[in-house]
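Just so you know, the protein sequences line up as chains A and B, in that order.
For the first sequence, position 233 matches number 1625 in the numbering used here, and the numbering has no gaps at all.
For the second sequence, position 434 matches number 1826 in the numbering used here, and the numbering has no gaps at all.
Do not take every clue at face value.
Identical chains share a label here; the pair holds if one copy fits it or two copies do between them.
The calculated lysine-lysine pairs, modelled on DSS-like cross-linking and capped at a C-alpha distance of 27 Å, are [unchecked claim]: (1) K1765 / K1840; (2) K1566 / K1587; (3) K1741 / K1587; (4) K1657 / K1684; (5) K1810 / K1778; (6) K1562 / K1789.
Don't read these hints as lab results, they were simulated from the structure.
Here are the chains, one letter per residue:
2 protein chains.
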Amino acid sequence: MSNIVIIGGSDAGISAALRIRELNPEIIPTMIVADSFPNFSICGLPYYISKEVTCWENLAHRTRQDIENAGINLLLEHTAQSIHPERKQVNVVDKSGAIKAVDYDKLIVGTGAISLKPKIIGIDFPGVFFLRWMPDCFKVDEFLNKQSPKTAVIIGAGYIGMEMAESLTKRGLKVNVVESADSVMPSVDVDFGIKIREMLTQNGITVNNNIAIESIDKIGDQLIVKGTNNYEMATDMVLVAVGSVPNTTLGQSIGIDTGIKGAFKVNIKMETNIPDVYAAGDCVETWHRILKSYTYLPLGTIAHKQGRVAGENAIGGNKEFAGTLGTQSVKIFDKVVARTGLNENEANKAGFQPVSVDFETWDHKVYFPPAEKIYIRVTADQKSKKILGAQILGTYKTEVSKRIDIFAAAIFHELTVKEFSDYDLSYTPPLSSPWDPVQMAVQSLERKL
Amino acid sequence: MSNIVIIGGSDAGISAALRIRELNPEIIPTMIVADSFPNFSICGLPYYISKEVTCWENLAHRTRQDIENAGINLLLEHTAQSIHPERKQVNVVDKSGAIKAVDYDKLIVGTGAISLKPKIIGIDFPGVFFLRWMPDCFKVDEFLNKQSPKTAVIIGAGYIGMEMAESLTKRGLKVNVVESADSVMPSVDVDFGIKIREMLTQNGITVNNNIAIESIDKIGDQLIVKGTNNYEMATDMVLVAVGSVPNTTLGQSIGIDTGIKGAFKVNIKMETNIPDVYAAGDCVETWHRILKSYTYLPLGTIAHKQGRVAGENAIGGNKEFAGTLGTQSVKIFDKVVARTGLNENEANKAGFQPVSVDFETWDHKVYFPPAEKIYIRVTADQKSKKILGAQILGTYKTEVSKRIDIFAAAIFHELTVKEFSDYDLSYTPPLSSPWDPVQMAVQSLERKL
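Okay, chain A solo, but in the shape it has when bound:
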C-alpha cells in the first residue's frame, strides 16, 4: 500500500488527496499544512473584506473535519522543513519546534505561490497590504475596522485588483487603481479593457494607466504613492496586487528543475525531474493547450486539475494534464468579465495570424424584458480558421461565465469558426436567442475571415 505525502493543503494538494481516496480508499494520504487554514478559498478573500461573506470560516471549501472525514491524514501547523529523496522522507516541524520525519513512497509538492513584492521604495510601511492568505485578509480587515481609511490606492488592475476595487468601494473608500499597462485587466485586449475601465469609472473608481509605481512615502497617517508620468497620490492605504510568484524554495533544495518565473518544471503527468516527486498548482509551470508550450498561470481551477492528475498518477495512474486555456471570469460590481484561450495580443505574440471581431447583442430575446447588452470579442486564426480565444463582458446573471465555457469547450477541441455554428446550444426566449450570442459573434467573425 502506497505511502503518499502531500506538501500543501490548498487546491492542488486537496484535489490530489481526494482523487487518491476516490480511486483507492485503502490509501490514506498525509497532508502537511503550514498554517491552520487548509483548503481555504483564497478567491473568496475580497468578499470577506466587502462583508458579503459574513464569517471567515465560511471561506473554507471544506472544514478540517470534512477533510479528515474524507480519509486524509492532516498535519496542520506543520511546516515541511526539508525533503530527503535518498531516504524518501520529509522532515516537518510543528509549532513547538519538534521535528519529525514523514516517510513517503510518492511525494506531491503543492507549495503554491506567494504575492509578488515589486521593487517599490517604502513597500513595507504599515498601511501597505498584500492579499493572498487568510492572515493578509485579517490584516486588511482589521485596518479597515480600526483606522477607517477614506481612500485607497490599488497597485495592479488584474483580477484581484478589480475585485478589491469593488470591495473597498463597498466599504466606503474612494479607490484609485494604478496599472502599468495601457488598460485594465491585461488578460483581455486593450479595446475590451477600455469598456471595463469605463464601468469602473461609472462606479466611482479612478483608474490611472501606464504608470509604474516607484515609491511610497509616509507623512503622518498618509501614504504618498509616487510613480512614472508624475503620478503622485496621497492615500490612507495601499493594496499591492501585481500577481504572484511560485513558492519553490523547498523543492529547489532537492534539485527540482525550475523554469518560467522560477516555477517547477513538470511533464504532463505532473512529474518533476526528481523520481517519485510530483508537483502541481501555483508552484508549477502549466502546459498551455493552444500555445503548446509552458506558461505560468496560478489559478485555482488549474491547481485543481493538476492536483487531480498528480494524485491519480502517484498511485499508479496514467493520466495526462490536458492543458490550460487560461479560462477566467470575474464579477466586478454588476458586471462579469470572462475570457478564454488567447486574446489577440497573445495570439500575435505566439505567431498566429489573429483576426478579431467585436460583437454586441442582447443576452436573450429583447422582447422578454429586461434583456441586457452583452459584448463578445472573438479571435480566430486567419490561416487555420480555428477559434483562438474569446472575451465577454456582460451584466451579472446573464450567463456570461458559462457562455465563455462554451468557447472553452470549442477551443479545447480546436473548432473552426464555421464548425462552431454546429453546436446544438439551448434556446428559450428568456435566456438566449435561436443562435446563442456566442454563435452570432462567431458567425460575424466568419464573415471577416
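We have chain A; now place chain B onto it with these hints.
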C-alpha cells in the same frame, strides 16, 4: 446567377436566405410567406399571453423591413399552391386570388409544422385552443380579455404546456395540466420530471399524470374535459399542447419522400429526393448525432441550423448538418429546466447501457450569498464511458441554460466522463466553484461506472 426560391418565412427559411446573402450578396432569394408574419418568434407566444411581452410586434425576430433590407425578396400573403419540378416553377396565389409562377433554380421548402390535433371528441368547441401561430395567439388573448376565464385545462405537459401553465397562472387562471405520460416533460427522465411537477404544484398548478383525454363536452359556458382513470374536470377553457406534425402536403404532391411522422426525408446536406429541392426545419426528419439515425424534433434552433446548411448548399456549398442533440431549455416560473443528449430512458431504448447520477449542489460558492441549489442528472454509457446526456434544474439566472451547453459541447465531441474534467471552465466565487457543478456531477458519475 442562381435563382433561389424559399417556401416559408419562419426560422429555416429566413436562416437559409440570410446565409445565401452572407455568402453571395449578388443573389437575391425570393421568399414565399403565406401570412403577414415573417420570422415571428413562435417561442415567444406564451410571453405575449402572459403580458410579459407588451406588444406583439416585438415578437418579430426581424421586421419585414429588416428582411427586405437584408436583400431578400419577400412575397407576403402569397401561398405556394403547387410546385412544378419539371419546369422548375412554384405557383403562388395572392390574397386577391391571382396566381403567378415563380421560377427557381434551387428550391428550399421550409413549410414548418402544424399543431397536432389529437382525436378528442369535442375538440372543435369554442374555448378549446391551440398555440402555434400568431393568429392562435390572438385568439387566446382575445378570449382571456373578453371572457375572463377563471380556470384552464392544459392538455400536454411538454415545453409549451409548461410555459402556458405559467402564462395562464400569471393571467389569474387556476390551471390544471393533464399529461398522458407518468411525469411532466417527457423529454426528461421521470425522477427529474417529479421535481418539476413539485415546482408546478408549489406555484398553484394541479398536475394529473397518466391520463389520456377522451372527450370535451360543453355545458353552458363550461367545458367538461374527460379522460382515462375517471378524469373529469369542468373548466372555462382548454389549451391543447400535445406537439406538432410536419406540414408536408405541398412537398408530398411532388413526390418528396417522407418518413417519421410524415416529415420529409433529407440527407445531411438537406437535399430531398427531388433534384434541386432542399427542405429544412420543422417539416423534415432530423439527423440525431448520438442516435446516429433520424428523428423528428421540431425546434427553432434546429430549423436555424438546417436552414443555414440548405442555404449554403443551394448556392453551391458543401456543408453538412452536424446533427442534433435535442438540446432544449425552458423557464417555468423562477426555475429553468434544460436538457441535452439522451436521457436514460431514450438511451435504454437506443441500445446503450446507460448509467445515471443525480447530483445536487450550489450554483456557486455558498459563502457568497445567495447561492441556489442546482440539480444535475447525467447519463453515460457503461461500455464506452461516453457522456450520453444531461438534465439540469435550477433557479432562473443561475446559468442553467448555458451549463447545459457545456454538456452539449462535450456530447457533440463524444467526450468520456473522465475527459470531461479536462475542460478548462471558468470560476469565480459568485458564479461557480473551482470544479463547476457540471464537472462535479460527472465526477460523481465517474465513481459509479
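(request) Go through the copies and call it for K1741 and K1587: within, between, both or neither, with a Cα cutoff of 27 Å. (result) within (23 Å within a copy, 51 Å between copies)
(request) Pop the pair K1562 and K1789 into one bin, within, between, both or neither, using alpha-carbon distances up to 27 Å. (result) both (20 Å within a copy, 23 Å between copies)
(request) Tell me, please, which holds for K1810 and K1778 at an alpha-carbon limit of 27 Å: within, between, both or neither? (result) both (9 Å within a copy, 25 Å between copies)
(message) One pair to classify: K1566 and K1587, alpha carbons no more than 27 Å apart. Within, between, both, or neither?
(response) Answer is within: at 20 Å inside a copy they meet the 27 Å cutoff, but 47 Å across does not.
(message) Regarding K1765 and K1840, is the shortest C-alpha distance of 27 Å or less found within a copy, between copies, in both, or in neither?
(response) within (22 Å within a copy, 42 Å between copies)
(request) Please work out whether the CA atoms of K1657 and K1684 approach to 27 Å or closer within one copy, between two copies, in both situations, or in neither? (result) within (15 Å within a copy, 44 Å between copies)
No hint from the list above goes unmet by this structure.
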